[in-house]
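Asker: Here's the letter readout for the chains.
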Amino acid sequence: DAMVIQNPRYQVTQFGKPVTLSCSQTLNHNVMYWYQQKSSQAPKLLFHYYDKDFNNEADTPDNFQSRRPNTSFCFLDIRSPGLGDAAMYLCATSSAPGGPRYTQYFGPGTRLTVL
Amino acid sequence: AQSVTQLDSQVPVFEEAPVELRCNYSSSVSVYLFWYVQYPNQGLQLLLKYLSGSTLVKGINGFEAEFNKSQTSFHLRKPSVHISDTAEYFCAVSERNNDMRFGAGTRLTVKP
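Taken in sequence, the protein lines are chains F and L. If you're matching positions, the first sequence starts at 703 in my numbering and goes up one per residue. If you're matching positions, the second sequence starts at 95 in my numbering and goes up one per residue.
Looking at chain L on its own, in the form it has when it is part of the complex (with noise of 0.2 Å):
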């Protein structure tokens, strides 16, 4: 069964500076990814997702994600981040015809 690790619980950046979320996932077969972002109180928003194809995945607000199949990694980055970037981002993999399975979330923290 597939299974995903985020690596960092927490990461505070600064206004403007470049930000990295991390995720590496586990599965045997192929895998859709996802990168979804929670405001406070609020549900999940699709930000990007790869399900074949360019490894290199653009989604909303700026974001972007690279699958890395030797890696077993699916990072997402955005160059320049706002005060509204602020939220829980959580990673979450599925394998072909399974559920997802969801990272446990990184709380980024935009500071101005």
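Bound-form chain F, shown alone (with noise of 0.2 Å):
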């Protein structure tokens, strides 16, 4: 089955410490998004990639970076984890950026833990 997958499901890493969490798609989809959620919160968006274009929100920390090596793969990097970054973090795709064509799938998510 066509899907979005997270890897790992759970990530412990230590204050300060980089960490990568890593998304991949068969939905051969030209939008890749990125959200952290925190407990009992809505998703927040961090940024997408639109093919190899990449759109940070305007509130997305510059400790948040992402690569998009392919059409296939998207990785969200957290350069220096802080306390507050601990939240699911939520890997989503979609055929088109808006329009009729216009809905995200998502993945399992990955749930970090900063100690």
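Any given hint could turn out to be false.
[As the list claims (entries may be wrong)] Heads up, incomplete: computed chain L residues facing chain F, CB under 8 Å, no partners named: (1) Lys143; (2) Gly147; (3) Phe184; (4) Asp193; (5) Met194.
Hint data in this document are derived by calculation from the structure and do not stem from the laboratory. Note that the structure is predicted; figures quoted are calculated from it, not measured. Ideal placement from N, C-alpha and C gives every residue a C-beta, glycine not left out.
Can you join these two chains into the complex? Each is in its own frame, and there are hints to help.
Answerer: Right, dumping it as structure tokens:
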């Protein structure tokens, strides 16, 4: 089945130690998104790629970076995780950034714990 | 820019009772509307969506929603809930060619 895969499902890191979260998709979608979801809150969009074009949300901290080496993979890099970065990180894809084909499909998420 | 308000943060109901989860949106242009469900420690799963056409939209797991343009609402309904419907439900809105914005979520708890 075509799907969005996130690895690992659970990640533990130390304060200040860089961490990378991975997302892959078999949907062949052009757009990939990263969201941060803190406990009992709505997902918050960090940034997205439309093909190779990177689109950062205005309030996304510089501590968060992303890479998309090819259509299938997208990575979220947190350069120096703080305690406030502990959250569920959700990857999503869509075939277009808007318009009638616009629906986002989500992966299962990676829960990040910062010690 | 669009925004979404989910009027109830928590909705407790008994098994086999009907349920309605309320969602209102704010936008000055045409919108697309979505409902997602999130089970504990999992990602979001699309329940249903309204893009155009019929205002009554049927989704998975027996859920349906009705788009009401005059009231700017997109309420989610199910005539008879099961224990397995216990989850967090998110309403989301997207203006044409804009990113999606989520509501704060409604926690549905189904009690035996």
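Asker: May I ask you to test the interface hint for Met194 of chain L with respect to chain F, counting a Cβ-Cβ separation under 8 Å as satisfied?
Answerer: 6 Å, holds
Asker: Please check whether Lys143 of chain L passes as an interface residue: C-beta within 8 Å of a C-beta belonging to chain F.
Answerer: At 6 Å from the nearest chain F Cβ, Lys143 of chain L passes the 8 Å test, so the hint holds.
Asker: Any CB of chain F closer than 8 Å to the CB of Phe184 of chain L?
Answerer: 6 Å, holds
Asker: Given Gly147 of chain L as an interface hint, is the shortest Cβ-Cβ distance to chain F below 8 Å?
Answerer: At about 10 Å, which exceeds the 8 Å cut-off, the nearest Cβ of chain F leaves the hint on Gly147 of chain L violated.
Asker: Given Asp193 of chain L as an interface hint, is its Cβ closer than 8 Å to any Cβ of chain F?
Answerer: Holds, because the Cβ-Cβ distance from Asp193 of chain L to chain F comes to roughly 6 Å (cut-off 8 Å).
Going down the numbered hints, you'll see the structure goes against just number 2.
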